Structure formats: C-alpha cells, structure tokens
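A.B. asks: Single-letter residue listing:
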Amino acid sequence: MNAVVINETKESAPEEPRLLPGDFAIWFFIFAELLVFGIAFLSYAVVRVQNVEMFNQYQLTLNRELGAANTLLLITASYFVVRAIHAIRLEDVKSCIKWLYASLGCGAGFLLLKSLEYYDKFSEGINLSTNTFYMFYLSLTMFHFLHVILGMIILFAVAIKAQRGGYSADDHIGIETGASYWHMVDLVWIILFPLVYVIR
Amino acid sequence: MKVYYNIHTIWLAMMLLTLTTYAMAKLGYSGAVVMLFLLLSAATKAILIIRDYMELRGVSLLWRVIMYGWLLVVSLAIAIAYLISL
Chain A
124 MNAVVINETK
134 ESAPEEPRLL
144 PGDFAIWFFI
154 FAELLVFGIA
164 FLSYAVVRVQ
174 NVEMFNQYQL
184 TLNRELGAAN
194 TLLLITASYF
204 VVRAIHAIRL
214 EDVKSCIKWL
224 YASLGCGAGF
234 LLLKSLEYYD
244 KFSEGINLST
254 NTFYMFYLSL
264 TMFHFLHVIL
274 GMIILFAVAI
284 KAQRGGYSAD
294 DHIGIETGAS
304 YWHMVDLVWI
314 ILFPLVYVIR
Chain B
1332 MKVYYNIHTI
1342 WLAMMLLTLT
1352 TYAMAKLGYS
1362 GAVVMLFLLL
1372 SAATKAILII
1382 RDYMELRGVS
1392 LLWRVIMYGW
1402 LLVVSLAIAI
1412 AYLISL
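Protein chains in written order, with my numbering: chain A, 124 to 323; chain B, 1332 to 1417.
Worth double-checking, as some hints may not be accurate.
Distance condition first, Cα-Cα at most 30 Å in a straight line; then the derived DSSO-like pairs of lysine-lysine [said to hold, decoys possible]:
| no. | chain 1 | residue 1 | chain 2 | residue 2 |
| --- | --- | --- | --- | --- |
| 1 | B | Lys1357 | A | Lys284 |
| 2 | A | Lys284 | A | Lys221 |
| 3 | A | Lys217 | A | Lys284 |
| 4 | B | Lys1357 | A | Lys244 |
If you're looking for bench data, these hints aren't it; they were derived computationally from the structure. Every value quoted in this text rests on a predicted model; they were computed, and no experiment measured them.
Using the sequences provided together with the hints, build the complete structure.
C.D. replies: Right under this line is the structure:
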C-alpha cells in the first residue's frame, strides 16, 4: 500500500528540469562563441545590403560542392559523437572510443576539404584585402576552421582518456563536455554554409 | 511516430536538408521565397542539433531561451537584411 502511495506521489510531482549536459563551465564558453559568431553573421548580412552586386558576383566563385560536402561531414561528425555518448551510457567503452575516432575522422575530412578550398583561392591570389566579400568569406570560415581544430583537440583528449578507462556509464561528464562544444562547431557551420555559399 | 524520431532519422533528415540546399544553389534559385526556405531549412537543422544532439530538451527554460533566442535573432536579422536588399 505504501509503495503505491509513494509511486503516485512520484508521478504527480512536477518534473525537475534536467541539468545542462557536460561541465557547466563549457556552456559559458559556448554562449560566448555563439555571441561572437552571431555578431559576425549579422555584420556580413548588413554589409551585404550595401554591396549586393559584389556579394552575389563573388559568391558564385566559391566551391559550393566542397561547402556542401563539409556540411555533410560536420553533421555526421555530430551524429557520431551522439553515438559515442549513447555507447558510454550503456557501458560500451569500446564502441564509445570507435565513435569518437569516427567523429575525429569526419573533422579531419572537413579540415582537408577546407584546406583544398583555401589552396585554390590563395593560388588565384585571393586574400583578405581582395574585396569586402572575400574579407568576410576568409575571416568567417577561417575563424570557424580554428574552432574545428580546437573541437578536435578536445575530442582527441576525451578519446585518449576513454582508452585509458577514464569514463563509465556513471561518470562520463568529460565526453558530454567535449560533445557539447563539438555540436556548437556544427551549429555555427549550419548557419554559415547557406549564408556565405548559397543565399543570394 | 515516436519510433521514427530518433538520432538516426534526425541525421538522415539533416543530410537531406543539406542536399536540398546544395541543389537549390546548383540550380541558381534566388529571391525572397528561396531565401526564406533556405533559412528555414538551416534553422530546422539548428533546432534538431540543439534539441536532440546537444540534449537541451528538458533543461531549464533559461538555457533554452538563450540557445533558441540566439537562433531566432540571427535568422530574423539575416532574413530582414536580405529582404531589404531585394
């Protein structure tokens, strides 16, 4: 009887909000990064209003195939990290490590394709001072490129710790912290790709 | 419905949305409706990432307001700036 009463009380009690995944400190970092990227996106959109023809003309010179391929890579990298978290929650450390390295592989693919894209542009003599459009294109994507590198360093550190048995189903806050940052990198690119490469 | 809404189908949906965005770029589509469609497509992917991959579903309202608020402000500002330039 008592058990029934306890169960009923539990069911009727309002559900407590869940805590943010990972270390709380990483979220302040994430919010700060999103603020910076948000301001950069708005600057691009506002400056474009005064230079519509130039932006439309030079946007066509960007490699949209590589841009789209990089979007697919980052989304898949995010998906693999989610798989890693699901695996560690089931105490499947081996799978967790496998998914983390798969995600790192996608990140490396992104860096490779982006480097090819930059090589192409730099070979044509394009740089930050070529015109306003390229200034935005290069600075926005390079700033994001650095975040991909940082995200990969964090994920690699997490993968190494996982290999050393540092995480379990009950204790995997480090993986969630790295994953949250990695998703932020993906989130920013999801807006950046259509904004800079496609919308005209 | 619940069965089909999971991390795997979310990944697939985001891949398809990205390919649609690329196809529209390749076909050279432009204009207000296309711009709004592309922004909506990007915002949908962003919501899926925030809600299901970052796992912000069910966290305190403050954090969700910050994340979705960021997305709303950025998307709206981009849309307004592009509509002005048409």
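A.B. asks: All hints are to be evaluated individually against the structure, with a verdict given for each.
C.D. replies: Results of checking the hints against the structure:
At roughly 43 Å between alpha-carbon atoms, Lys1357 (chain B) and Lys284 (chain A) are farther apart than 30 Å, so this suggested pair is violated. Between Lys284 (chain A) and Lys221 (chain A) the alpha-carbon distance is near 13 Å, which keeps this suggested pair within the 30 Å criterion. Proximity of Lys217 (chain A) to Lys284 (chain A) is assessed by CA-CA distance (about 12 Å); at most 30 Å being required, the pair is judged to hold. Between Lys1357 (chain B) and Lys244 (chain A), the direct Cα distance comes to roughly 20 Å. Compliance with the 30 Å bound is thereby established for this hinted pair.
The structure fails to meet hint 1 from the earlier list, while all remaining hints are met.
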